[in-house]
Structure formats: C-alpha cells, structure tokens
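> These are the residues of each chain, in order.
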Amino acid sequence: MNGDRGAASMTAAVAPPAVLPAAEASAETISRTRLLWLTLRRKPLGAVSAAVILVIILTALLAGVLAPFDPLETRPDIRLQPPSREHLFGTDDIGRDVLSRIIYGSRISLWVGLLAVGIGTVAGMIVGLVCGYWEGRIDLALQRLMDAVQAIPGLILALAIVSVLTPNTTNAMLAIAIVIIPGNSRIVRGAVLSAKQNRYVEAAEALGCRPLHILVRHILPNVTAPILIIASIWLGNAILIEATLSFLGVGTQPPTPSWGLMLSSTGRAFMEQAPWLAIFPGLAISLAVLAFNLFGDTLRDAWDPKLRRKG
Amino acid sequence: MYKYVLRRLMLAVPVLFLSSLIVFGLMRVMPGDALTVLMGESGNIGEKELAKVRKDLRLDLPYHEQYLLWVWQMVSLRPGDSLLTGEPILVSLGKALPVTLELATLAMILGLALAIPVGVVSATRQDTAPDYAGRVVAVSGLSFPDFWLGTLVITFAAIWFHWIPPIGYTSLWDSPWRNLQQFLLPAAVLGFRLSAATMRMTRSTVLEVLREDYVRTAWAKGLAGRIVVYKHALKNALIPVVTVVGGQLGVLLAGAVVIETIFALPGMGRLTVEAILYRDYPVVQTNVMLVAGILVTLNLVVDLTYAWLDPRIRYQ
Numbered sequence: 001m002n003g004d005r006g007a008a009s010m011t012a013a014v015a016p017p018a019v020l021p022a023a024e025a026s027a028e029t030i031s032r033t034r035l036l037w038l039t040l041r042r043k044p045l046g047a048v049s050a051a052v053i054l055v056i057i058l059t060a061l062l063a064g065v066l067a068p069f070d071p072l073e074t075r076p077d078i079r080l081q082p083p084s085r086e087h088l089f090g091t092d093d094i095g096r097d098v099l100s101r102i103i104y105g106s107r108i109s110l111w112v113g114l115l116a117v118g119i120g121t122v123a124g125m126i127v128g129l130v131c132g133y134w135e136g137r138i139d140l141a142l143q144r145l146m147d148a149v150q151a152i153p154g155l156i157l158a159l160a161i162v163s164v165l166t167p168n169t170t171n172a173m174l175a176i177a178i179v180i181i182p183g184n185s186r187i188v189r190g191a192v193l194s195a196k197q198n199r200y201v202e203a204a205e206a207l208g209c210r211p212l213h214i215l216v217r218h219i220l221p222n223v224t225a226p227i228l229i230i231a232s233i234w235l236g237n238a239i240l241i242e243a244t245l246s247f248l249g250v251g252t253q254p255p256t257p258s259w260g261l262m263l264s265s266t267g268r269a270f271m272e273q274a275p276w277l278a279i280f281p282g283l284a285i286s287l288a289v290l291a292f293n294l295f296g297d298t299l300r301d302a303w304d305p306k307l308r309r310k311g
Numbered sequence: 001m002y003k004y005v006l007r008r009l010m011l012a013v014p015v016l017f018l019s020s021l022i023v024f025g026l027m028r029v030m031p032g033d034a035l036t037v038l039m040g041e042s043g044n045i046g047e048k049e050l051a052k053v054r055k056d057l058r059l060d061l062p063y064h065e066q067y068l069l070w071v072w073q074m075v076s077l078r079p080g081d082s083l084l085t086g087e088p089i090l091v092s093l094g095k096a097l098p099v100t101l102e103l104a105t106l107a108m109i110l111g112l113a114l115a116i117p118v119g120v121v122s123a124t125r126q127d128t129a130p131d132y133a134g135r136v137v138a139v140s141g142l143s144f145p146d147f148w149l150g151t152l153v154i155t156f157a158a159i160w161f162h163w164i165p166p167i168g169y170t171s172l173w174d175s176p177w178r179n180l181q182q183f184l185l186p187a188a189v190l191g192f193r194l195s196a197a198t199m200r201m202t203r204s205t206v207l208e209v210l211r212e213d214y215v216r217t218a219w220a221k222g223l224a225g226r227i228v229v230y231k232h233a234l235k236n237a238l239i240p241v242v243t244v245v246g247g248q249l250g251v252l253l254a255g256a257v258v259i260e261t262i263f264a265l266p267g268m269g270r271l272t273v274e275a276i277l278y279r280d281y282p283v284v285q286t287n288v289m290l291v292a293g294i295l296v297t298l299n300l301v302v303d304l305t306y307a308w309l310d311p312r313i314r315y316q
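Protein chains in written order, with the working numbering: chain A, 1 to 311; chain B, 1 to 316.
Keep in mind that the hints were calculated from the coordinates and are not lab data. Keep in mind that the hints are not guaranteed to be accurate.
[Claimed, not checked] For lysine to any residue, the following SDA-like pairs were computed, each having C-alpha atoms within a straight-line distance of at most 20 Å:
| # | chain 1 | residue 1 | chain 2 | residue 2 |
| --- | --- | --- | --- | --- |
| 1 | A | K43 | B | A129 |
| 2 | A | K43 | B | A133 |
| 3 | A | K43 | B | N299 |
| 4 | A | K43 | B | Q126 |
| 5 | A | K196 | B | L207 |
| 6 | A | K43 | B | P130 |
| 7 | A | K43 | B | V136 |
| 8 | A | K43 | B | K3 |
| 9 | A | K43 | B | P14 |
| 10 | A | K43 | B | L207 |
| 11 | A | K43 | B | V139 |
| 12 | A | K43 | B | S204 |
| 13 | B | K3 | B | L21 |
| 14 | A | K43 | B | T128 |
Go ahead and model the full structure; you've got the sequences and the hints to work with.
The structure is reproduced here in structure tokens:
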C-alpha cells in the first residue's frame, strides 16, 4: 500500500491528478492481481487455501448436482448408520445423509459469510471514510458510537440482535454484519488518515475537487487493500459466528442444513453413539475457516509492502 | 500520567453511556418480555394480574423513565432483582463471576504457557520443522470452533478413557479435585483457542525484533542465546502481544458462552445468554454494562502496560 501511495505521489508531482487516469487505476489492479499470483506461486499453503475456497464455492453452487441424496429426506430405517460406501459420512438420527447435508450446508455458510462480510465491510468502510476524511466532531461522535458497540461482546450483541429480529439465517447474517462494522471502520479510518497526507490529495483539494470525488477517486483506491485483507479474514470469522449462533439455536433453524446446527442438534446428542455426526460438520467448518484465514494471510503477504520487504 | 488516566476515564463515560443506550434499546424492542415468557410457561396468569405485576416492577413506566431508573440503580450499585427468578442480581453475579474468573484465569495460563514459548521457538527457528508445526497449531486454533473442540474432547474422553468430566460446578473451596476436573478440559479448549492469536503475534513481533541492531549487538558481544532471546528480544516484542492478550481477557471475562454451555458451567456467559433468551431485562443490562466497564478498563490497563514494557513511552 505504501508503495502504491509512493507511486501515486510521484505521479502527482509530475502532473496534478485532478482525475485519476483510468489506465493508472487499471495498472494498479493488474499489479495487485499479479502480486497475488506471484505470492500464491511462492507460498503453496496460500495456493492450497485458494483451491479449498474454490472447491467450497463450487460445492455450494453445484450442491444440487453433487449431493448424493436429498438433504431433507428422512429414512428412519437407516438411522445412525456409520460411514459406508453408500453414505460416505453416515446418516443422522432420522436417517438423513450427512454428506448431502454438509454439501447443502456450505450454501448457508458461504451465503451468510459473504453477505454479512459484504454489508459489514461496506458499512464500516463508509463510516471509516467519513471519519478519516472529515475528522472533527463527526469523527468523534461516530468513533465513540463504534467504541460503544465494541464494548459489548460480539456474540452477546449478535444474540441480542437476533432475538430482536427473530432467529433465522438472514437475521443472523445482519447481526454478524453489525458486529463487523466497528473494527472495519477503524481500519479504514486509519488508512484514510494516512492516505490523506499524500500530496495528490492536497493537489485535488487545491484544484477544487468535491470531497466525494476525492474520497472515491483518490482515497478509496489506497484503502482497498486493507479492506480486502480484513474482509477475507472476517469471512472465516463470520462462518464461525453463524455456526455458533446456529449451535446456540438462534441462527439457522431446522430442518435447513447448517453446519453449526448439525453439530448442536444431533452431533452432541449422539456423540458417543455416532461420533461422525459431530466430526464431519466440525471438520467442514474448520476447513472453511482455515482456508479463509490462510487466504487472508496470503493476501496480506502479497499486498502489505512492509511484509513484502521482510520476506 | 494521572492526567492521561483521568482523560481516558472521562472519554469512557460517553462510550459507556452509548453502550447503555444500545443495550437498553435492544432489550426494549425485543418482542415479548420476561412476564410473557413466564405467562407462557404457567399459562394461567390473567391480563389484570399481569398488568399489576408490570406496575409493581415499574415496567409500565415510559421508556425514558425506565432508563433513568435503571441508570440510577446502576450508579447506586443496586441493580435490582431478576424478573424471572426474583433473585437479587448481585447474588446471581456473586455466583457467576467466580466461575468465569476461574475459567478465564486457567485458560489464560494454559494459553500463554503454550503460546509464548511456541511463538518464540517459531521465530528463532524460522522456516524449520518446529516453525511449521507451531504455525499449523496456531492456524488450527484460530479455525477450530470451540464448540466442536469441546464436543470432541468430551466424546473422545468418554470413548477412549471411559471418563466424562463431572457435570456442573463445585466450588474450588468445597472440593479442589472435583473443581479441577470440571475446569481442566474447558480451560484447555479455551486456552488452545486463545493461544493461536497470541502465538502468531509473538512469532511475528519476535521475528521483527530479532532483526534490530541491539539484538545483533547482544549476539556480537557473546551473550547466551537464551538471554538474547528472552531478555533482549522478547520484552521488546511484547507490546502487540499484550494488546492481543488484553482483548482476549476481556472476551473471556464476558463469559465463554459456548464452552460454559457445553461443560454446564454456570458462568457469566450462560447467565447473560439465558437472560437474553428469557427477556430478563435487568440481568442482561447489568451484565452487559459490567462487561463493557471491564473492557473499557482493560483497554486502559493495556495502554498503561506499554509504558512499563517500553520506558520510552510516556503518557501526558
């Protein structure tokens, strides 16, 4: 990011960038993609995590084709069957195929993760941009509000919000988004405060550009890297929080297949009799969160110039 | 220094005020209240009786009056009684806090005992087998859900060792051995989860510090490796680690909801969650404000610790 800023500052010194040239913006995009590609080639763990994320996305998209059985079909005659050739992950207490439920469960996890992080990131970004650019009273007021939200433990806040809105997947997603906002706003605010010091921002202000234009065209491109890095790490956390809310009974409701719900409803009740009911959904959650965490690390390695220099 | 602390405490007032508004507002917009939950359970309370109970509990007052009443109760340290059980909230807190404190302390000790040495070894032996092993443990700790780990630990302890930790809570003073049996597994699971972030932070900051000139000087003058790493490098690498640990301690003191549920420990987390589910306003509001106060104080303590770790830092 610093590097990008440095490059942009030099451009500003040559010609006042009233408008960021489209070619420059696309060159930056290409260079970031290329940086990521180079890092993925250098760090096999990052490449593996990207591949796992791709597999999870494809699984969610193609759940209807991949799942060997209907995830809601109950067959009491084959209840609590251990893993076999027909039912690779076994069956649950009412004879539903665990593998099919895990495959369909990936849809809930990804959906909640992507939307919650999307909403939380955009809202946090707007608050961070406003606070960082205008500073003063609005910054003080909004940051105290963010402090107040952060002073309430995330899970308790999410639980309270879901209880207000009635427990279901969509509301769990909204609750997670609200929990994400303060942390994101702080990161974006810091990045904006730093980006604002650049001479090209000063130049744009001197040329009479409107604040919204400066924010969107000159500052936002400088803060996208930290936003994307933190969003990728939050994706894993959002999946974990959704699973936890479902585990506590206030997230996804039965019979919809959700990894957290599978663990709490049948996984715990039959854990000695049928441990596969707890093992496989837990593995699915862990694998997804692990992949997003590792991918977040890889993005940071690729896009954080301080780490690049160390490497 | 005193001025700094005073300023920080002053800044905490609006934060706590806003937190109190958020939690009060959330509890009031929740559909139903503890009385409707009670009515649903008993099924034979008439509307008239319900109105009378609401009046007795002052739930019929306008919201702003209810809020001011609650603030006054909090300020005067008399948070009132639970709507559900009728038990004074201070008594409920007196039961739940020791459980949470013991769990948090044990988890913190186990977590740090794992995180700091592994983080240091990972940094001093960068890109070797111990480093890879340490990093895998750290990322696993971040990724494994605690409710899954908790469930697995109980399951496999039962399957392999035919042993199930005694359910419930026995005070440390009544039976230390039984208490340890009840706390060891949940604290280990929590400690493992917590150790992940601390381990990663320790590794990266120690790596950074090991490249500093004064560490090179320490090596050059022939100091033993242990002294260079633990005395010169580690202390200077601890500031970001303390930030992480401070945040974790705050979360722990809020109550590990899931772990307390799985291991049937009656701590702060369970008390708060049950109160939310049963719309027990006074309990939720008091607990959340207590935790918010603890978090704000912890943040201040963490900042003050920086000056102790790095004497160049001065607060004015």
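> All hints, please: hold or fail.
To see whether the hints hold, each was checked on the structure:
1. K43/A with A129/B: holds (16 Å)
2. K43/A with A133/B: holds (16 Å)
3. K43/A with N299/B: Violated. K43/A to N299/B sits at ~36 Å, over the 20 Å cutoff.
4. K43/A with Q126/B: holds (15 Å)
5. K196/A with L207/B: The given pair, whose Cα atoms are some 31 Å apart, is violated under the 20 Å limit.
6. K43/A with P130/B: holds (18 Å)
7. K43/A with V136/B: OK: K43/A and V136/B at ~14 Å, within 20 Å.
8. K43/A with K3/B: The given pair, whose Cα atoms are some 49 Å apart, is violated under the 20 Å limit.
9. K43/A with P14/B: With Cα atoms ~46 Å apart, K43/A and P14/B exceed 20 Å; violated.
10. K43/A with L207/B: holds (19 Å)
11. K43/A with V139/B: Cα-Cα ~15 Å, so holds.
12. K43/A with S204/B: Distance of about 17 Å is within 20 Å: holds.
13. K3/B with L21/B: The given pair, whose Cα atoms are some 28 Å apart, is violated under the 20 Å limit.
14. K43/A with T128/B: Holds - the C-alpha atoms of T128/B and K43/A are around 15 Å apart, at most 20 Å.
Violated hints, in rising order: 3, 5, 8, 9, 13; the structure is consistent with all others.
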